[in-house]
Each structure stands twice: as structure tokens, then as C-alpha cells.
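Fit chain P to the given chain V structure using the hints.
Read top to bottom, the protein sequences are chains V and P. Each residue of the first sequence is one higher than the one before, counting from 1 in our numbering. Each residue of the second sequence is one higher than the one before, counting from 1001 in our numbering.
Each hint should be verified, as a subset may be incorrect.
[As the list claims (entries may be wrong)] Within a straight-line C-alpha distance of at most 30 Å, the following computed DSSO-like cross-link-like pairs (lysine-lysine) qualify: (1) P:Lys1394 - V:Lys429; (2) V:Lys419 - P:Lys1252; (3) V:Lys123 - P:Lys1315; (4) P:Lys1439 - V:Lys419.
I should point out that these hints are in silico values taken from the structure, not numbers from a laboratory.
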Amino acid sequence: MKRLVSVALDAAALAGASYADARVTLTSEERISVRTGRVEAVERSESLGIGVRVIANGAWGFASTSTLTDDAIAVCARQAVAIARASAITAAAPVRLAPVGVFNDTWRGPCEVDPFTVPLEEKLALLVAADEGLRTQDVVTVTNASLGFVRVDKVFGSSEGSMIEQSYTESSAGIVAYALGDGEVLPRSYPNSHGGQAVQGGWEAILALDLVGNAPRVAEEAAALVSAMPCPSTQTTVIIDGSQIALQVHESIGHPTELDRVLGDEAAFAGTSFVKLEDLDTLAYGSKHVSVVSDATVRGSLGSFGYDDEGVPAQRDYIIREGLFTGFQSSRESAPAVGRTSNGCARADGWNRIPLVRMTTLSLEPGAWSFDDLIADTDEGIYLETNNSWSIDDRRLNFQFACEIGWEIKGGKLGRMIKNPNYTGITPKFWGSCDAVCSADHWRVWGIPNCGNGEPMQVAHVAHGGTPARFRDVQVGVGR
Amino acid sequence: MRLTDEAARALAARAVSMTAADEAEAYVTSNDAALTRFAGNRIHQNVAEEDTTVSVRAVIGQRTGVAGTNRLDDAALLACCEAAVAAARVAPADDGFPGLPEPAVVEYADRVCPATRAFDAEARARAAASIIEQSSSRGLSAAGTVGRSDYTVAIANSRGVDAAMGVTSLKATVLSSGTDGGNGWASWLGCDASAFAPAALGDEAATIAERSANPGSLDAGVYAVVLAPEAVSDLLDFLGYLGFGAQAVDEKSSFIAGHIGEKLLSERITLTENALGTETVGLTFDFEGSPKRRVPLVEAGVVRGPVTDSYWAAKLGVPNTGHALPAPNPYGPLPLNLELAAGDTRVDEMIAGVKRGLYVTRFHYVNVEDPVRVVLTGMTRDGTFMIEDGRLTKPVKNVRFTQSVVDALNDVEAVGDRRALIGPEEGGANLTPALLIAKWAVTGQTR
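Next up, chain V with everything else stripped away, as it sits in the complex:
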């Protein structure tokens, strides 16, 4: 792989690039799924190729190919330079990159038991048993149990002299039961919705989830949702579980603080941000209970690496500290706009995509409350668990989330189950209403393997540490 990277860098330099980097990436995947007693998917795939990114005439060009002969790579590099020269037709100021050190290094993610060596029969047996455990309630008419594994091996090299080899393994699993009510379908998932939990790690991470042991409980909760009370339409206190907090952080803190988005680079597709450059170190993003850190060094997290896809070392950097907005997530191109160096958030979805500013592990830091004490301290409200739907405006202000399940809180106790709860808010007002965050005992990193952004579409694998937190005066039951 390193030799192929060197071929690309040499060809780019010969063609006139003032800067070049190249990534060779091999991605291997396995996906297995059982749906309502039927094997839905047993699939393995791999993708290998090289992407060459250059600056020529002060503008960007990128070309990529899956043909890995020396000649094809040289053609690809020359194409990248030609594209950069075409970009310069409209370019304004030349591209300027924040400085970064030169690294020759190797990084590997954690993995105790390589999931690709575990026999398919063992994986299928696990899923079939979990699926059977879900099909234990009459009203549960559709079930799904799934496993996914990804292994990435990549080499990054730049014309500045870096050559970095990285590899990591991701494992994910989840189960979901769908109960059929009167004209409604009610999902209940474990350990999270939208495919379950995803981590950097191996088969040991799957076994730790105990999908089979949790399946009957999940089915019972799905069945109970059919006769649960609908969500009242009111303004009230909400306590949100850690997995939904993860998505709340993702949508209303993660995306609006991506510096390329703030600069307008994603305006036409994903949108812009209500956060402005001049908000740095001045904007009250939330209450004093809200501290959020971007950390690509969390071991076993889906958002971790040794170096980002521009060769910038993994870092830990506060985005919000005790409510004050203190930092953007940035890349080498965007960081100079705020007079800083990159904090290592440039990530690409494979060999055929350019790095964009993406989240790493962006987490709400834990507070001091125990969950039981937090419920006991709440006279009236709703406790919400597990995301079901998400939507937010193009400046990341007005959001609306639906959850799979909720419970009334009355007099400091959890009460009746609520189906189809949803809530809405405006980002800074919502985070400003946070008056309690649970402790590290309840804190967990949740993997989100489906963060879409960019054109052509890129799907990033990111993560968020979350713990239950309480918010006051929140509108729930929208459209109910």
C-alpha cells in the first residue's frame, strides 16, 4: 500500500501539484440479518482503491480509482491535477492549510477476537436465537436481529512527508421487535435503534450485549406499547436517556459546530449553522451543566483513530465548557478561519471520497446525579428512551425527535408507559434548560454508523458519550 501511495504522490508532483496526499484503503464488511424467522442477509464484501487529493493553481482537485496498477494511479493523479486547474476557474483566495507535523507511524484499533474468524454458523445461531426470543408476543409481528462487521486497512501519505498506516475493526449488533397496534406499528429496540450498538472491537463486544437474554424483555415492552397511553401535548420536564442524548448531541451540537459547515461549505446540501465564527468563546450554548468534548482518543469508540484523513493526530478538545462555546471541530483548511490549527476532525468515507469535517467521539460530560435520584427529584414530567425519528432545520436550530418509549414521571416516580413520544425545541434554549446530568456510572459511548453528509454522499462512523439528563419546559406530543 505504501508503494502505491508513493506512486501517486510522485505523479501528482510531476503534474504540478503544490500539495498532494493519497490514501489507499481496503474496506472489508460482513452483514448478517434475520427478519421474522427468515435469513434476510448473509453478505461479505470488500472495496479497495486509491484517492489522490491535490492543490494546483491554488485550488483543490481529487480523483480516485479502483484500478491499482502504477499506470492507472499515475493517470488518476494527473486527473486530480487537471481537475484542480479547472477548479481555479472560479477560485478566489488560494487554499491555505494549517500546519501539521510530519508523521511516520502505525495505529491499530482494539480487537480481542477478530469477528471475521468467527464461523458464520455461530453468528447465525446467535441471531436466530435472538430473533426467536423476540417472537414471543402475539402482537409482535415483525422482528429483526442483525450483526455487522467492518475492517479498514489504510495508508495515508502526503507530499509533506507523512506516511501513516492504520487499521481497525468495527462490530455492531441490534435487535428490534415491531408490535402491530390499531393502525400503528410500534418498534422497540435493544441496545439501541437503527441497527443497535456499534463499537471499535471484535466478537467480544457482541457477546457482551447478550442479545438473546434481552430479546424477551424487548418483545414484552413492544407488546405493552400497543396499550400504552399516547403522549400528551404539553410543555413539561423531560429526562432523556443516554442513547437519545447521544443523538441530541449529534444533531444539535455536533453538526452546528463543524467549522466547514459554519463557513458555508455544506450550505446547499446539509445546510449551514446558527453558530458564527465570532461566537467562539462568547456564545452561551447551554447551561453550566453542559460540557461537551470532542475526543478521537476514546479507546473502542467508533469515532477513534490515530490520525485523521489529513494526517493530523487524534486530539481531545472542548467544544462547550460549562455552557460556553469554546471550539469548533475543524480540518487543516477550515482551522485558519479561527486562527487555530486543525483539531483533527477531517474524515473520509473510503478511498473514493475526500475528507470533510466530521465528528469523532463528541460527548456530553457526566454530571453528579444518580438516575434514581434524578427521577425522585422530578415532580412531573416524562422519561424518554431510544430514538425513533429525527429532524432538524438547515441551521440546526429547530429540532424534533421521536422516541420509541416513554414513562410518566409523577411525584418523583416513574408511572405509566407512553407510546410514540416526541419533543421539539430550539437548540440553545433547549441546552440552556438542562439543569441536571447523570454521573459517569450511567455514561456510555454510543456508536452512530450512519451519519450522512457531503456530496457525493459520505456516511461517517461517529460516536457520542451520553448519560441521562433533565431539561425543563420542553414541548412534547407535537402533532399528537
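Coordinates of chain P only, in the frame set by chain V:
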């Protein structure tokens, strides 16, 4: 380099022949794509990609396994075929699996255009410059894309299916923004790049941006709404995905389950799945190589359908309409080329008929709250206006809706007389007019 139809077909046949199973299917896609992105009135990302992938489905009895690769040397291809067979050997049998589909005559369309294939980096940059000029000359900022897609798909199976087709398309988008809160949007999608007029597209977006400056507030409530084609297309995407696939009908998560043949929508709504139309893009066979059929989904408000593939056709005892996605497919068959029949009302006539309502250019970040009634929530963006006493009066800040599409399409008061092709350039697109809907639930507004 993108494979020719013949080369892709030969590669698919080779993979089938290398697969030691009872039955085998190979899906080859070979892609040469390029996309120029601009923002802040300059090109900031400019990318190109070449890739060819092979996906093999092996069948042993009623057990199936799938493997894919983009490494095309003999050893890698053989390893891929063997991985598919290995997966099939251990997969539990699916009693409902009917075997791979038999060959059927595909109605091919000529969807390769030399002008699009030749639309290189310089042509894309000059098109972007023309779009940008329409905004920059008015003190606005343009962002968007000019993208070219050129791909070939070939499907072969051991029963004799042998389908291959090339498709080219060009898609351009533009968001024009002012410093005073005004935003405007326009898009173009077509097979033939020579029909693309970038300056006109840039002008359309910039004109909306100028008109939407200094937007005001709007209270939540139920409003009449005129939805431009881009907004209607979003609703059709979800309606097709949630409502008109055979799997959703069988699992009773579709609103048409148990109601096929009943009038559930306005008599003004006639919706057809039609990959064979002369105005659309994409393939005319599905990812099993079966011919895509024209499928009536709604006729004057009466629901029909659903679309099927070989598996769901056999399971439900109905014809295969040719709407398989690539295996393995967790969604079941889906319609990818929806056509909403045009009406006879111009958009200005729709607006003239509204006492107090909204005009929506497009939606943003739409998601599902209830799959059965197709209750969606999302935001408006890039040109939302009040309609008062039959006229577009003032722009409003983006609003949130939480609305059942089934209910909305039962409340249609007028259908536009002109249709636009909206959608991703690959896989398919929707051909849709504007709609006037009597009741649309606005549930919030952004700042």
C-alpha cells in the same frame, strides 16, 4: 474506466460461471462519476471516481449467500464467488425462496448521451461559473453542484438472465443566499447535458433569494399550502418507500394493506411507477435483471399496487413487476421512478385560489414519525412565502410540519400543469407537478 455494456455483461457471465452453486446471479456496476461543488461563489470541492464492483448471489437449495468485490483479477473474483457459496452453505433455508427469476424481455431505453459523457471538469467549472455569476452579480452567494454520472449495470444469472444497460445523467443544484435571510433554490436533472442551461438555473435561484429577503414569523396552525415540485417529490419518496412496496404491504406497515382497490386519496391523484417513461432516468430492469413494468399505484385516488420482485411476487401470488433492489435487500421491492399525473392548474392560479396559506419551495431533513399513516416531520427551506388574498406576499422563516401524507393527498385541491424531474441522478427520479393542499399542519418555526 467505466466498462462498456458488453464488458460488464461478460464480467457478470464470468462470475456466474465461476460460482459453484445450484444457482448463481451476478450484478456488475461500473461507474465513472464526477462532481463539482461550489460554495461562497467559488468551487471548493471537485472530485472524480472510477469503480467497478461485482456482487454474487449463490443459491444452494433454498439457501442464499451474497459476496461482493471491486477487485477484478481472477483470484479475487474466485474468492468472491467462493465466499458467496460459503455463506449459502450455512445460511438457514428460506422456504419462501422461489429460485432466481427466469429471463424475460427487457424494454431498453437509450439513456446514454455523448454530450453528458463529454461534460468534463472544465465544462463543469464553466457551468458552475455561469450559475455563480447570477448570484454574485446581485450581491448574493451561490452554493451547489454540477455533477455527471455515467454508469453501466449488468445482471446475469444461471437461468439465462442477461441484461445490461448504460445510463448517463447530469444534475445541477443551486442555493442562492443573501445576507438578509433570503434563500432561493433551483435544480436540474436530465440525461442530456446539452439541454442544461446553467445561467437560467442560477437566475431562478437568485430571483427566489432576492424575493425571500427579511423573512417574518408565522404561528403554528393548519394552512393551505402550495408545494413546488421539489417539495412534492420528497413526499412521493416516502409514500413509495413506506406504502407501495410488497414487503410493507405484507407486514401491514403500509397504509394500503387491506385497502387495495379503495379510494383513500383525492380523485385528483394518479400515481404511476414508470421506469419506462421518456422523461425519466435510470435503468429499465431491476437488480435481478427482470424488466421493470409500468405499475399503477393510485388511479384517481383509488390505491393499487404494490410493486414486487421475484421473491415477493411468489410469496403473494402476484406478477413480478421488476422492482428488486440489490441482494441482500432488507427493504423489499421499491418504486424508484414515480410519476404523478399532471393536472390543469398553473401555479399562479393555485396561489390565486388561496385566501391565506403558504408556498413551499422545498423541504429539509424530512423523517418518519408514523409509517402507517406516513406521518412525516421536516422543515421548509430556500423560499417559503405567505399567500394572502391570492397573492404571494411576504417571505417567512422556515417552518416545521408534522403531517400525514395520506391525509394531505386526500386534501388536494389542484394539481399543477407542468412537471419537473426531481431526484438523485442514479437509481431513478420522480416526475411531479406542484400541488395545492387544503390542510397542512405547521407545528413550529425556526428562529
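Status of the hints after comparison with the structure:
no., hint, result
1, P:Lys1394 - V:Lys429, "27 Å, holds"
2, V:Lys419 - P:Lys1252, "19 Å, holds"
3, V:Lys123 - P:Lys1315, "27 Å, holds"
4, P:Lys1439 - V:Lys419, "26 Å, holds"
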